[in-house]
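Q: What follows is the residue order along each chain.
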Amino acid sequence: MALSDSAERGLLTGIKAAEAAPRHDAHMSSHPVPVFDADLIARYDVVGPRYTSYPTAPEFDARFGEAEYRAAARASNEDPIPRRLSIYVHVPFCFSPCFYCGCARIITRDRSKAEAYLARLHREIELTAPMFDRDRQVVQLHFGGGTPNFLDGRQMAELVESMSRQFTFAHDSAREFGIELDPRSADARYVAMLAEHGFNRLSVGVQDFDADVQAAVNRIQSVEETRAVIDAAREHGFRSTSIDLIYGLPRQTPASFARTLEQVIAIRPDRIATYGYAHLPARFKAQRQIDAVELPDAAERLALLGLTIRTLTDAGYRYIGMDHFALPGDELSRAQEHGTLQRNFQGYSTHGSCDMIGLGMTSIGRIGDAYMQNAKDLVGYYAALDAGRLPVARGMILDEDDRIRADAIQRIMCDGVIEIAPFEARHQIDFADYFAHELNRLRTLAEDGLVVLSPTRIAATARGRLLLRIIAMCFDAYLSRPHEIAPGYSKAL
Amino acid sequence: MLHRSTRMKAIAAAPAPLHAVGAGREPAPHMPDDGDELHFCSTCAFGSVCMPRGVDKSALAELHCLVEHVGPYRSGETIFRAGERFGAIYAVRGGTVKTSVTDDDGREQVLGFHLPGEMIGLNAIHPAKYPCDAIALDTAYVCRFSFPALATLAQRIPEVQQQLFRLLSADIGKAALLAGDHSADERVAAFLVGLAERYAARGFSRTALRLSMPRADIANYLRLAAETVSRVLRRFQDQGLIAVDGRDVTLTDPAALHHLARNIIHR
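Read top to bottom, the protein sequences are chains A and B.
Its first residue numbered 1, the first sequence is counted upward by one per residue in the working numbering.
Its first residue numbered 1, the second sequence is counted upward by one per residue in the working numbering.
So here's chain B without its partners, still in its complex pose (with noise of 0.2 angstroms):
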């Protein structure tokens, strides 16, 4: 989106190989590119509204200074805590985010990974108040849309408004995905599988990923023990579907996967 630092500038004028998560084989980093005044950063969320058709640059310049650039979280701090009121949505510019939600007894539930161009914060509009907490699980990079702002930009800008609903809706989408009476093996493609896609949907590699999330974080959100995801990616890598790395996993053969998880994803 906007830029507003020079270094995130100078970040975008090397696009060959982007380290920004760590140490990785070439398709592994996963920040996007920067827009400007008037174009968007590659993978942001709203870019959408003016491709189309192209909003005339008044409109974009206003959309653009409702949008504040936040980051970088380093790995393990807080974008936001459950029970903060609620005032903007974010947008991952770059790295991962987890939201999660802690029970009375402490045990946290992981509710999703976050990429970049994916929103987050959209289900605390009611009743403003964040209902999970977010956490960068690498360097990550936001962008803060003030809420309040938004909604009234909505109010005038119709591609605004529709971008809003189908983000809200997709949100709702997401949360049936893990629902239903899947096997290990199918709920690990799955995900493997949907990681991929989303990235792929950003610009990134559609077959290597890294995963910045520690297996235990994959084990909450898919509701299987630690054990299990490391012992089905093993048995995976060695069916040759996949080829593991430390946390580099590249899809070897993506086919296989998309029939192992296609009872989740196509739903």
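Isolated chain A, as found in the complex (with noise of 0.2 angstroms):
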């Protein structure tokens, strides 16, 4: 939906290395209020990676296939206690487009589209479900887009019930079953009916609600059809409600965007998302219907920024990290607070120490160390099916030195802090001398005031909270440098 989601699931997932017991320790400290510092941030405005996995996707490579996939598979099966399974499906057709948009997704207002599709979901749920052992349960379900509403309620409901058939889904209480969903063209029946599916977890796409910004962006959504859906979710017993936004958008003002920003708190979502638009018309060719004279220049965007960040801190919302803010009860603030909170590639989550299972075009998944990722279009995707095949086209594996900068990456981005001696004994290495490297680049950072260097740990400051990634590639041994800059990622906010 939003366009920086899109990156996010791009450009990849968290990762969990080496998660042992959750961490206890000193957490609650570690999660000061972020602090606006416009020139801080002006300077630190570079591209880079939001590592929603590391390696990031890019790294992937063609030569892992079917093969390599099911040997993961199998070898996941293996562990004393295999993983618990959570499973993203993509679903890549929207009725129009939005014009801010940078997702794998296709225009069409054909219905019978989604019946060719779906027929190879299916295909892929049936040659994906016996490779992984039955007992481990399905904790997690997200449907992503594209638009996953797109799907009518009886497609949605055999898609579901295909899939509980042959995984084994974990009890209602027990599961975090999510979608994405345009209220332009769902209502409170079609909610209903996910709930009657197991669905507990909503995520609404607005960006703006502003009547300018709208037009220019081609999605014209009233605040009282969001609202809708959200109520009935409430009503119909969903954990969770999330709305996202955009700043950065042709035509937001900070006082337009002050406008949707209350409208937002007022529908009171448990999580809220802010993205940042990143154009790039040269990439995504629906982004060349905006006039680029139209955006926000730099100054504008840090003010929206500063703005969006001041307003929901006040409002009640936690920071959690990059473009996320939940509210103190909901389960990402808690997973913060204890220390158990994960990136992947669906943003934050609490539930990390699962095994990923990607379906769908683009789809990426994470099985023990190896990442795999679908064919990007629809014609290699149902190529693949339609000869018997899984559509895994590129992946990697991770070894050794990619696991451990993982879970340095996967500290920063989710607690703030790295707390060495754990972390030394995660790995049995000499944090020092392993980092010597990093450590340099970090201690620019520390003069910066981005983050704090002690003998016992890694921490962001308050300043440093808002430019978690740019601490984060410190670790990042993939990044060219010494330019430390890499084309085709979107800025760092």
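Simulated from the structure, these hints should not be mistaken for laboratory data.
Ideal Cβ positions, reconstructed from N, Cα and C, are used throughout, including at glycine.
You may find that some hints are simply not true.
Claimed, not checked - Chain B is faced by these chain A residues, among others (derived, beta-carbon under 8 angstroms):
| no. | residue |
| --- | --- |
| 1 | E78 |
| 2 | D79 |
| 3 | P80 |
| 4 | I81 |
| 5 | P82 |
| 6 | D133 |
| 7 | D135 |
Got two chains here, separate frames each, mind docking them using the hints?
A: See below:
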């Protein structure tokens, strides 16, 4: 839905690496309210990965194929307690194009296209499910897009029922089944149907409620229809609701965005994600419809970000990290307090220690130490499945160094802190020795007040919390240096 | 035991964190230090022959002469197969080896898991055929003792003979371990405690285990369903008896596990 949301999925997810016991130590103090330092943020406004995975998706290799996927799945069944499962399903279709969007999606009003896609999705489920032992419960299911509610009630029911027959779904109270919804093409009845099929989390794209902005991005959506699906979700027992916003859209002003924020706060979703719009018309065709002259400039973008952080934290939302805010009672906030927060393909998550299965075009999975991504277009996706093959197109197997760095980046992105002694124990390394170069890079950031380095821990400051990925980038062995900028990534904000 | 390979010597020279069985936390590696002309590897099954009093150097050298270092075997590779002619007994030097038999319908039955310092093939002396398969579960190294040569040596060196009898006796005793009517909890606890004790006896950690065997093999060995093994382990974890991270299992409450396993291990 949102632009950076796709970048999230495109650039992949976070890692869990050697995640042992939850870390209850010193966590409350690790999450100070972020301080918005405009000067500092402007200085560090460089492009970089979003670390929904490490290594990031551009590192995936086409030599990784079905055999490697199957081997990873086989090995994952052999642990004394095999990891539970998390499934992501990509529905690439949208009824109309939102101009800001950089997602892998196909614009059509022809619902029969969904039938052709669903036939392959069912086939993919049939090929995938038997690879995983039946006692491995699915505790997380997420539908993203595109527009998942492009599927009508019957199609959605068939899909979920097919999965529930071939996988073992966890009990209601132990599972997190979420879906991204476009309120322009869904109503309370649709939400009721979702509840009936076990969904208990709803994420709604809004981006901006201002009429001018909505016209400029080709997404006309009222507060009322948005509220209707969220109210319906609450009525049907959904445990968490979320709204996505985008700052940096054409015609946005601090005054107009302040009104949008107020309207969103009045709806009071449990979570709010505020992505920064990245204008990359050369890469995303839809964005060519946007008049660059109408985009806020760098100073205005900063003002919008500052306004967002101030307004949401004043309204009682906790800053989780990157683009994410949550009410204190929400599971994301609680996971962060307990040090069990994870970063993955869908952003932040409370279910980190799962093996993740990606179903559908472009979807990414992680099984043990292997990443895999499906074909990125319908032609490739259909061709593989029609030939009876899994549609995996690329992937990689993490080595020891990848795992160590992934853990460091995960800790920074989720906790804002690396506690050095437990980290050394987890990986059997001498931190100062292993990360000598990285510590040099961090010292520069420390001089600028982003991090505090001590012999026992590396901790983001209140200012640094808004620049977590700048800190995380210090540990990335794949970034080209010394320029420290990899082309093709969206900006750090 | 006697080192014949300089590569192995290099491992012995860096005793700190040996990652012989893949990535792991501190105590996971189950690779022994290497012996030399006059010393046994610390895990050697015959090490005790000379430990108490010291065997004279020529006897030690003779024993060493009939030892052949074999390996590495990669996970899944066979050290010997059922039906092959018996010619040697083996001691695991590093890694883990599974022994199993397969019936006419192709069903496998896991007989045991063999850790560094433990012998395999003792049950093949009569009728001179290996009665089971021996398969490496991870990167495994073994010592091969030519049995005719060992038998001859045992006639001359009483300590070698005594040690051989001890090993045979222990091997016979092991088989009865899981024969009784025990609950899944008892079996799993006994399995963990047993492994921990065996590792500890060879100088490895008493509380941190790396399970190189797939859960299907553990389940088969314990005569339980795979999901039962995992369910019991998860419950043990919830009760604070163990902490599981991938293949690494830490016994966080060994006393409680011992108590659970008491009817099996103290028979």
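Q: Does each hint fit the structure? Answer for all of them.
A: Outcome of the hint check:
1. A cut of 8 angstroms between beta carbons decides the hint on E78(A): the least distance to chain B is about 4 angstroms, and the hint holds.
2. For D79(A), the interface hint holds, the least distance from its beta-carbon to any beta-carbon of chain B being 6 angstroms, beneath 8 angstroms.
3. At its closest, the beta carbon of P80(A) sits 5 angstroms from a beta carbon of chain B; the interface hint therefore holds under the 8 angstroms criterion.
4. Because the closest C-beta pair between I81(A) and chain B is about 5 angstroms apart, less than 8 angstroms, the hint holds.
5. Interface hint at P82(A): satisfied, since its Cβ lies 7 angstroms from the closest Cβ of chain B, which is below the 8 angstroms cut-off.
6. Nearest Cβ of chain B to the Cβ of D133(A): about 7 angstroms, under the 8 angstroms cut. The hint holds.
7. Of the supplied interface hints, the one on D135(A) holds, with its beta-carbon coming within about 4 angstroms of a beta-carbon of chain B, less than 8 angstroms.
Every hint, counting from the list given before, is met by this structure.
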